[in-house]
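Q: So you can see what is in the structure, the chains are spelled out below.
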Amino acid sequence: MNIIRMCVALLGLTLLVAMPAQADGVVVIGHPQLPKLHATVLRKLYTGRSTEVNGAPVIVVNAPPGSPVRNRFLSTYVEQDEERYVAYWTVRRFIGKGLPPKEMDSAAAVIEFVQKTPGAIGYIDAAELRPGLNVLARQ
Amino acid sequence: MKRSVRLLLSLSLVLAAAGVRAADVTVSGFGTLGYAISDKPYSYQRYIDEQGTFDRDSRLAVQVDAALSRRWSATAQLKFAPDEDSDSRWAPRLSWGFLSWRPDDDWLLRVGKLRIPMYLGAESMDVGVSFDYARLPIEVYSIAPTLDFTGASVTRSWDVGRGELSVDGYWGKTRSNWRQYARDGVPGYLAAGPVFASIDVVARGLALTYRSDGDQYRIGVHEASSKLADGTNWVDRPVLISPLPGVAYYNLLPGPGMPERRTMDMVIANAAMDVGLGRRVRLGAEYAVRQLKDMDRGVNSSAGYVSLRRRSGAWTPYVYYAWLRSDQDMIDLYHAVNGNRVPAWVPQADLINLSQRATADGLEIHDQQTWAVGSAYALTPSSKLKAEWARTRVGSGSSLVDAPAGSDVRFQSINVFSLSYSFVF
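Residue numbers (the numbering used here), protein chains in the order written: chain L, 1 to 139; chain D, 1001 to 1425.
Everything labelled a hint here was simulated from the structure, so no lab data went into it.
One thing to keep in mind: the hints can contain errors.
[Stated by the list, open to error] Only pairs whose alpha carbons sit at most 20 Å apart, straight line, appear in this in silico DMTMM-like list of lysine to aspartate or glutamate: (1) D:K1227 with D:D1294; (2) L:K44 with D:D1408; (3) L:K97 with D:D1215; (4) L:K97 with D:D1159; (5) L:K97 with D:D1024; (6) L:K44 with D:D1106; (7) L:K116 with D:D1024; (8) L:K97 with D:D1105; (9) D:K1227 with D:D1148; (10) D:K1040 with D:D1024; (11) L:K44 with D:D1055; (12) L:K97 with D:D1213; (13) L:K97 with D:D1148; (14) L:K97 with D:D1104; (15) L:K44 with D:D1159; (16) L:K44 with D:E1164; (17) L:K44 with D:D1294; (18) L:K44 with D:D1213; (19) L:K116 with L:E52.
Looking at chain L on its own, in the form it has when it is part of the complex:
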């Protein structure tokens, strides 16, 4: 019986390790001093209509164009697809009303940036979330 239990436990552990990490949505993270943010506020920040939270300046960053996490973020929080988002910022840039958010190459770069930069906000895949990060919004 003990052997059977051990085998079942081992089998369960193997399955757990073998299963790929499932993406569970996109997580918005920010500098430790930032509060939780509503989706409406995030939409305004990522479309340049707002540049501050509670009177303090904010810097938002994007994932690379075409990346799955960016597509999910744009769909969930900005309610635009990549083409519309790029078109929006193209017009805004070339009429001199702001520049699109800078792009970070990887989740690690986003994490480092938001942890070190006051007012910084970015987003990562939920699978990349680690303890100690300030989660501002999650869907």
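Could you slot chain D onto chain L? The hints should help.
A: Below, chain D alone, put in the same frame as chain L:
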């Protein structure tokens, strides 16, 4: 030193004084390589004829944005395109160069050379990627002689529902070129062909814009006051002069007894919308009315367009109808002047009769309608291919057409085929 160079130097000094680092400066740009050809031997929209041209739609621009601080920034855009005061050369020009101050999320103040927010696509009309048509409908997008002014603008925004309401107020001045076309000319007085009059313009206006979920609505009112840079006056209207019984001719040149004025005052009111109708179909429409104060010109006119476009994958096919028409009394005046002739026995009858046609050209009437079908294909989110067939029906005449010598272009159709590639970087 040209004003644009002075402005660029001033901006550079501001950047240097602010200690702007290379990391705070962003360089971007856009361009279009566009080809258009018509089925007529005469030029339409300055460049389009049966020989084909790249001049009508091609351009290249570079923009520099510098973040001076959290609230301050500077922007300069240099554009290389066909020159505004010549039909036969290209020239670099400072499209705009301004300083921005954004004291908070709701206010934006800008000082420098700016583009005014008139048409819905006014501020980005050079950026081919930003719209799906091969060419924004000329009937509406030629209403204002110029959109680039040196001055100041203030924008105040409010969150309204899921969208944003903004009010733009501006004041500015510029020296621009007013292009007219003389079919025949008058020997010794006026050469046939394009005539560029340098004008000094002061403009001010207000635009109210609402944007929500990709939809846009705009209304605006704009005033412009123009003076001829050479110091001569405008004449209010052609005056019929009768030197002998049974002989009469129209005169539009300044001189004794002519109703003259130093400034030409114009008011333009416009309304525009671009909305989604569902199933990826979008409706676009713009309407504009312009009127001169107490002056008779074909400029007194109304224009508009209605368009439908539908995004299907990377394709966005569209159709639009556009019109531009001078007030009927201006069209009637044009016909009266254009058709006026003095008898051959009158001394210098040939010159006088040519002057009537030149005077009619100076009235600059518009009477045209366009149907266009085309499609944009998004190669990437930052580049597009476009193709379009447009058929313009000229009624009584149109100053967008360079009519051949000795002829009238009226009640004719012009087919224009256009192909272009636009990109941003």
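Q: Are the hints correct? Go through all of them and say.
A: Consistency of the hints with the structure:
no., hint, result
1, D:K1227 with D:D1294, "15 Å, holds"
2, L:K44 with D:D1408, "55 Å, violated"
3, L:K97 with D:D1215, "18 Å, holds"
4, L:K97 with D:D1159, "17 Å, holds"
5, L:K97 with D:D1024, "16 Å, holds"
6, L:K44 with D:D1106, "12 Å, holds"
7, L:K116 with D:D1024, "19 Å, holds"
8, L:K97 with D:D1105, "12 Å, holds"
9, D:K1227 with D:D1148, "16 Å, holds"
10, D:K1040 with D:D1024, "50 Å, violated"
11, L:K44 with D:D1055, "39 Å, violated"
12, L:K97 with D:D1213, "18 Å, holds"
13, L:K97 with D:D1148, "16 Å, holds"
14, L:K97 with D:D1104, "13 Å, holds"
15, L:K44 with D:D1159, "10 Å, holds"
16, L:K44 with D:E1164, "10 Å, holds"
17, L:K44 with D:D1294, "47 Å, violated"
18, L:K44 with D:D1213, "12 Å, holds"
19, L:K116 with L:E52, "18 Å, holds"
Going through the hint list in order, the structure does not satisfy hints 2, 10, 11 and 17.
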